[in-house]
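These protein sequences, in sequence, are chains A, V, E and X. Last residue of the first sequence: 266 in our numbering, with the numbers rising by one and none dropped. Last residue of the second sequence: 1586 in our numbering, with the numbers rising by one and none dropped. Last residue of the third sequence: 2249 in our numbering, with the numbers rising by one and none dropped. Last residue of the fourth sequence: 3208 in our numbering, with the numbers rising by one and none dropped.
Under 7 angstroms between C-beta atoms, here's a sample of chain E residues computed to sit facing chain V: (1) 2144; (2) 2155; (3) 2157; (4) 2162; (5) 2163.
With a Cα cut of at most 35 angstroms, we get these calculated DSBU-like pairs of lysine-lysine: (6) E:2231 - E:2044; (7) V:1019 - V:1530; (8) E:2070 - A:260; (9) E:2051 - A:142.
Footprint (simulated), chain A over chain E, 3 or more residues, beta carbon under 8 angstroms: (10) 2043-2056; (11) 2137-2143; (12) 2175-2184.
What the hints contain is simulated information worked out from the structure, not anything from laboratory work. In this text, a Cβ means the ideal position worked out from N, Cα and C, and glycines have one as well.
As a plain string of letters, each chain reads:
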Amino acid sequence: MSGKAFAVLVALITLVTAYCVIAHVWWMPVDISVHGPKIDSQLEETVFVAGTLFVAGQLVLAAFVFLYGSSRDKPKQIPGGAKPLVLFAFLLVGAEVLALSFIGSKAWGAVYFTAPDPGALPIDVQAGQFAYYFRYAGPDGKFGALHPALINEGSQNYFGLDPEHDPDSRDDIVTAELAIPVNKPILLTLHSKDVGHSFYVRELRVQQDFVPGLNLPIHFTATQTGRFEIVCTQLCGLGHYNMKAYLSVLSQADFDEWLKKQAAMQ
Amino acid sequence: MGTTPAAVHHAPPQGFLRKYVFSVDHKVIGIQYTTLSLVAAFVGMVLSWAMRVHLAWPNAKIPLLSLLSPNGAPGGLMTPEYYLSLMTMHGTIMAFFVLTAAPMAGYGNFMLPIQVGAADMAFPRLNMASFWVTLVGFVLACATFVIPDGPPLSGWTAYPPLSAVGSVAGPGQGWGQNLWGLSIAFFCVASLLGALNFIVTTLELRTKGMTLSRLPISTWAWFINAWVSLLAFAVLLPTCLLLVLDRLGGTSFFIPAGLVFNEQVQPHAGGSPLLFQHLFWFFGHPEVYIIILPAFGIVSHILPTFIRKPLVGGWKVVTFAMAAVGTLSFVVWGHHMFVSGMSPYMAMVFSVPTLFITIPSVIAVLIWVFSLYRSNLRFQTPLLFSLGFLSLFITGGIGGFFLAQPSTDSYLHATTFVVGHFHFTMGLSAIFATFAGFYYWFPKMFGRMLNERLGKLHFWLSFVGVYCVFMTMHLTGFAGAVRRYSAFVDDFMVPLIPTNRFISVAALLLGAAQFIFLFNAVWSRFKGPKADDNPWSATTLEWDTTSPPPFDNFGGRQMTVYHGPMEYDGEAGVMQTSPEASVAGT
Amino acid sequence: MKVRFTPVGLLTGSIVLLCFSFVLAKPNHKVAASVGGQITGTVKLDRIAPKAKPIDMSKEPSCAQIHASKPATMESVVVGTRGGLANVFLYLSEGYTGNDAAPSQPATIEQRGCVYLPHVVAVNVGQKLVITNNDQTSHNIHPMPKPGGGNPEWNKSQLSGAAPIEVNYTGEEVAVPVKCNVHPWMRAFIAVVKGPHAVTDDTGAFKLDNVPPGTYTLTAWQETYGVQTSKVIVAPGKSANVDFTFKAK
Amino acid sequence: MDDSLVAATTHHDGLMEASPYGIDKKKLGMWVFIVSDACTFGAFLFAYGYMRVGAAVWGTPFGSSSIVNGVLMTAVLLSSSLTMLAAVRASQAGAKALAVKWLGVTMVLGTIFAALHLREWFKLIGEGWRLFHNPTGGPAQFGATFFSVTGLHLSHVVTGVIVLAFITRGYRRARYDASHVETAGLYWHFVDLVWMFVFPLMYLMNAH
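With the rest of the complex left out, here is chain A (with noise of 0.2 angstroms):
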């Protein structure tokens, strides 16, 4: 009786399940980058070979215990022992692992063992608690030297630029929006105020944490224009869950435009 009773609602669990990640029915939004398609068909790739695991394992478990549930003959080990089980282990699973290990690093490589474009637009990324500000050079092209004690919230100094003493920091563009031309390369630096924070774009298949003292550089090209969620996946403190900001992909001129505008209220 509980036999039969386990082996079908693990039957049932198992189906559900399956049914839910085939049919998307939570899936990942859109992916708006160019390396992102990789990462899909990776997560696809693994879904297809992690499922049929799970499928199997469940359903076998389920069968074994519906069968034998109430048997009373003589127990019998399976034919030929453990010696197929692990050579099973061994060759299926090992195959797969391979398979994933190597499309995956293809993937992986794709993403972080390329050089970024060395047209890419470099913006520099601050995070802290519990905030982003992006920093654009400007026409001189150059970032100015951050200075910590320089920072200043309460009068908007929140990278610490000293434009008194250093021209290169007089025409940077400190914006609490990410906006980025579309079909552009970008080459973001990330760097830490404070504590750890994330830089994760759902729709850009990208996350990289902050790792204060470090400047981790990310590069990425968007190919829809669009408003998306810049949030924090990397416990920073009390203000975590609202640790958010706009990347906005738009077309090159509306960036332009955009630019110059938050240029104009510098």
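Please build the complex by placing chains V, E and X on the supplied structure of chain A, with the hints as guidance.
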């Protein structure tokens, strides 16, 4: 050398204190540990309740909370910082004081000496010390709830600088974090002493005929696990000390230069948060196996009894799988740091062994599942929970494929997918195995049977509940729901609120089901029917003595072992100590 | 311009002070008040206001909404049309000996549109300060007093619709900066003092009432330009006039 | 692997299976402790290396006097290992008085080592070195790592001396036997061995 009789190397103590409180008897200590974990488990569960309620109904007022912390929950309305504190303490208490303590220190202490035919642990006083040190650690952890600063909010991983710079980083980073560091340090010391005791006992105190090849698989699991703990906790200990040094000694091991809080530049310089992450995860990943290996052992030990046949491949295959898992667990920690700015090449280096560690795990699973082939299942509660463990562990393991690869992890990292994954693999799998062990050994530990009906009810509700809660978390993870958020305010999170409510309701029911278990345990402890010496007709030494066992475990009998631990053939079963012929057809 | 000090003035001052010292010594403030004088004046900036920086609230749509028509600007320097300097806090930094009970009605800070209202809030020592959140989003309130000034540092979240936070300030301090870590642009100042005080609006005008006759140092504090002081003598029932002019750096 | 273990453990007379390593539980326990403690030291030294590699410049405060002092300490500790060895030998040979004498010498040497060590510490502290401060203006990590690593080792030495004192006392009163002395010796040699890593890493590499 080593041939001195195991029999009473310390006389039965007199007086209540020596007998039940400051006892050096491994059985009492085992029960003390189990009780401690039980208390801790319910504390941790209530914390998760509060979190789930707040997540589903952010404006819900929880009056009791305002009593516990007027600051954290003014008027019962939970503040984000208090949510994070509850989350941190839930993780800490569950991971350390429940999952690490119960199946290893709890059952291991009680059963391992008996299973090898010894009268006690190798170092009884050390054993007592490790329990009391654990208790101190637990008290310190709980103390964070009552101090003004409140509990820490930097998660059970306590990443610096958040955890290292002190209150400038916000509420919960004051003395709460100091106590947290000390609490874990105490727990490390206790675990090290315990591991040492387990290893020596297994190797040195086996009774006549109990060769290594005849050890019950649970003993093997505890033995292997002791080695993993011995190395892992030996690294967590200094890590905690260095963290506390950064906080109280003004050092900068984990704090880089030029950090700015509230427009004040911090005095620290030269440290590296990544150093902490490396040290922590060098412990942290073995830790999840420290949690799951005893579960492996318990299930491998219980299954044969209730399917009335040995495991496929006997003791060797599973044991070697466990040993392989334990060894590999030390070379995979980097997969927690794929998005931490570690070199992407390092990420590849760590990804491969992480995927390969699935092989021994799969072998173990295959052994368990295929052992059911042509078996005689006996559907008593311990078996149900063992089967439940199998299902949960398979599911949890599958999630690993997604997180082991940097490419897919870069999307799923820090989503609820991760939360669902580790709750399946190490959280609930281990808990189910622990329940299996509880229903299986309760008669031996307390001399009374648990109520089967309640036990089964407890199983069905828990099993369904677990899937409703944590499988749903996997799915929302695909949608990108971020973990450790105290409210869903982001545009893409808002649509998930209904799903989230469902999870919360399921979680509350899942929690409620545990009270059935609590009632069953307490009631049966005093009113349950008396248990025979061997109620499950099992074959290992703990079933070859009275329930509960006498002070020296075997009443002065010299135990001699003739068989392996899995001598089952349908009805028939041969005690390890009986000279009869073997019946198992391995 | 400044108040002129004549021997006569000083003499009258001291005599007046003498006469009323025992009255002041009495706890009965009605008496002191009834005969108290007042200090009036205006605070100006020596040039037209620097361009106020607009605030980019894009991270908090619910607040950006509120300021959609006219973006909020930083309030570090706010100058009225006639050159009056707003958000200047004036108080008697020396010479005030009264110890009147703090007003029973609380001072308030309101968070609306991710801005603190008012920007500078005056609190008597021991007076209750009530902080309310009228935004759709949650804030955290984080006053940063000088260490050792007797005012504890604290940092609390206040969810949208949460109960007001009530605090007491016991140490005199001008002024405690307040920030919200979730919305870094938010900035307010809590000025904690004893006795009469005032905050200018953008006409720059101010008026300190019920000043017990006597000689005082009147201090004008502005978050960007610092402090200016001036000696002032208050005669019973009379009104002394003091003007300040801040120099923009 | 398991077959050899099985072979090593089956067919033994007596009431219990013999230790697969043929040693008693105290000794095995000490070995296990040493393995674990080595990991702890390893973590500390790893942190030190990480700090040092990460730092652009590094304080090298040790002049010849400190190095001489360090060499002296090393010599003392090494010779204490030899005297410990002598003590163990003597105790196993049943020469109780001799063993006690050697144990005494070992404790004295251990104490001298601690004294020399503290002298070094106070010298540095006098120069202004702290856990969090570097008087030469370099990174503060030197003080942090030096004091924590050597502090940990020093605490081991002091504990060792205390343990030896207990063992000696028990041994003289015949409460402990040669095996206890041997186990204590294991610990002592381990502490000595650790110093063989600490000395070059913390002293020689930081000499100017």
